[in-house]
Amino acid sequence: MKWIAGAIIAAALLLPPFFAGDFYINLASQILIAGVFALSLNLLVGFGGMTSLGHASYLGVAAYLSALLTSRYGFGHGTAALISILGTVAMAAFFGVIALRASGLGFLMITLALSQVLWGLAYRMSDVTNGDNGLAGLTRPAPFGISLESPAAFYWFALIVAVIAFVMMAIFVSSSFGSSLKGVRDQPRRMAALGFNPWMIRWITFIYAGFWGAVAGLLYVYYNKYIHPTSLSTTSSAEALLGVIAGGSGTLGGPAVGAALVLLLKSYASAYIERWNMLLGLVFLFIVLVMPTGIVPGLHKLVTRLRGRSS
Amino acid sequence: MQFWIIQGLNSLSLGGLLFLLSSGFSLIFGLMRLANLTHGAFFMLGTYFGAVALREYSGLNIWVTALGAGIIVAALGGLFERLVLTRLKTNPLGQVLVTLGMSFIISDACLVLWGGDSIPVPTPHNLQAPTRLFGFVFPTYRLVLVGIAVAAIGALNLLIDRTRLGAMIRAGVDDRQMARAVGIPVSRLFTIVFCLGAGIAGAAGVLGGPILSAYPGLDADMLPLALIVVILGGIGSLFGAFVGSFIIGFIYTFGTALVPDLAYIILFLPMIVVLAFRPQGLFGRVSA
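Protein sequences appear in the order of chains A and B.
Per our numbering, residue 1 is the first one in the first sequence, and the count goes up by one each step.
Per our numbering, residue 1 is the first one in the second sequence, and the count goes up by one each step.
Because the hints were derived from the structure by calculation, they are not lab data.
Honestly, I wouldn't trust all of these hints.
Below, a sample of chain B positions facing chain A; criterion: calculated Cβ distance under 7 Å [claimed, not checked]:
(1) Gly94
(2) Leu100
(3) Ile105
(4) Pro279
Within a straight-line C-alpha distance of at most 27 Å, the following computed DSSO-like cross-link-like pairs (lysine-lysine) qualify [as the list claims (entries may be wrong)]:
(5) A:Lys301 x B:Lys89
(6) A:Lys301 x A:Lys182
(7) B:Lys89 x A:Lys182
(8) A:Lys225 x A:Lys266
(9) A:Lys266 x A:Lys301
For every residue, glycine included, the Cβ atom is placed at its ideal position computed from N, Cα and C.
Using the sequences and the hints, build the whole thing.
Here you go:
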């Protein structure tokens with residue numbers, strides 16, 4: 001069974017550039033980006049028990065840094081990417097120190113407040129960020145001289161990064177550090193009594209999640225060649241969180257599936273209605289009320305309940 | 001000198017508004033252990049109700065409108081609490097996510113109903129003339145707002161400290177299980193407090209209208225301010241919310257006036273300092 005599932009997933013990831021049209025290849029690239037972002041958030045939410053509502057900060061700041069460095073200050077893409085990621089990781093380290101003063105709902109409120117402050121900054125500091133107009137006319141990098149302008153080329157690039165991200169995060173979670181993280185999530189006091197430092201474990205995870213959030217941000221800005229303050233908004237954080245919860249938080253691949261579903265829903269719905277935010281809100285209500293453990297376990301439960309009723 | 005005094009008054013009136021907003025948030029959090037992220041949207045809903053009602057019916061005055069909007073928003077909040085939040089009693093994270101979803105729905109609904117242009121709320125006629133005090137000129141409406149905030153903390157304090165309902169709320173905040181065991185209807189109390197908090201936010205939205213006017217994104221502007229106030233003052237403490245509101249009112253107003261680009265960064269500072277030295281907030285009894 002595992003082999004079959006693996007083969008199906010590999011085929012689904014490898015085949016699109018050969019058969020699908022540009023629209024669907026681009027959609028697949030967006031799904032990969034959203035997947036990396038959701039996986040990085042899942043490190044906090046699912047494995048660390050730290051529900052962050054400000055994860056868009058890392059995506060947005062890395063994207064803005066890269067955009068500014070390449071378009072305004074004439075940096076090459078390699079250096080710009082390095083500086084953007086380092087800068088974002090440093091910010092994550094700082095935000096982590098602040099947010100981890102609290103836990104639970106306090107943590108959630110602090111991350112939300114911090115990210116809202118950044119969002120407001122991106123809107124209002126228009127000398128630097130160009131405010132509501134966003135930064136347009138950006139370029140994609142050309143690693144080893146290969147142009148990423150075509151949808152298929154970008155898809156391969158995004159796929160390679162996404163696979164590396166997935167493997168790295170899977171290793172992180174299944175390592176002994178990952179086990180201690182899950183221990184801190186479930187029994188922080190016992191872990192402290194055993195000589196672990198819960199704060200340090202949470203902080204390192206926070207920074208690591210910020211790192212992959214920054215990577216997702218770079219992919220995001222390369223793909224769109226444009227950046228706008230909405231990438232920092234609560235909506236952006238909430239979409240990722242919805243993906244994590246819908247796919248099943250604390251599972252390895254679930255959040256990527258959830259993120260794909262949210263993205264498909266978004267692009268499908270926006271062809272018919274303009275009201276994405278309202279739909280997002282309704283989906284939130286639906287998922288939390290009906291399938292709080294995620295779509296796959298939720299469907300399973302629903303089916304067994306229906307069967308139980310009919311018999 | 002005039003600049004400092006006027007900005008000082010602006011700070012006070014913003015602080016007053018923030019108190020009306022964050023007191024409800026703080027009450028709800030204290031009793032229900034629920035971070036109500038719909039609170040900014042309740043405020044915005046109030047502002048839109050006020051703006052539209054005052055535009056359509058010229059006979060209305062702002063006080064009646066504020067009362068009406070408060071009652072409507074309280075009713076909506078009560079409905080939301082009864083229909084949705086009570087189902088998630090055992091799932092605090094789910095509750096927060098649902099309030100977030102609700103805030104998206106409300107703010108998008110406002111955009112559909114009333115469009116993307118901002119709608120001004122007129123200052124009441126009898127308060128348009130400036131007040132002269134000690135040789136300085138003050139906008140009267142802002143003075144009145146400060147008065148209302150002070151009256152509100154007085155009234156809320158009386159409610160919490162001196163009435164039977166307040167005693168039950170305090171019991172629920174301190175020990176929910178015990179309160180239930182001695183026969184206090186905690187679940188009904190939740191609904192009452194949620195309605196009260198939502199209603200105050202809705203009324204505050206109308207009262208803030210002449211200063212802020214109704215525009216899309218008002219909720220996203222107000223919610224972080226309320227969060228920062230509550231984190232600063234201490235979660236669940238009314239007095240903390242009061243002090244925090246005026247601190248943030250001052251910092252935000254002077255920040256915007258003196259260094260407009262960095263006003264948002266300056267909002268960080270008090271929060272960081274307080275979290276570093278007193279994670280439970282200035283007047284909080286328990287950390288979140």
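Do the hints match the structure? See the list:
1. Gly94: Hint holds; Gly94 (chain B) Cβ to chain A Cβ min 4 Å, cut 7 Å.
2. Leu100: Cβ of Leu100 (chain B) sits 6 Å from chain A, so the hint holds.
3. Ile105: holds (4 Å)
4. Pro279: holds (4 Å)
5. A:Lys301 x B:Lys89: holds (20 Å)
6. A:Lys301 x A:Lys182: Since the Cα atoms of Lys301 (chain A) and Lys182 (chain A) sit roughly 25 Å apart, the hinted pair holds (cutoff 27 Å).
7. B:Lys89 x A:Lys182: holds (25 Å)
8. A:Lys225 x A:Lys266: With a Cα-Cα distance of about 20 Å, the restraint between Lys225 (chain A) and Lys266 (chain A) holds, given a limit of 27 Å.
9. A:Lys266 x A:Lys301: Holds - the C-alpha atoms of Lys301 (chain A) and Lys266 (chain A) are around 26 Å apart, at most 27 Å.
Checked against the numbered hints given earlier, this structure breaks none of them.
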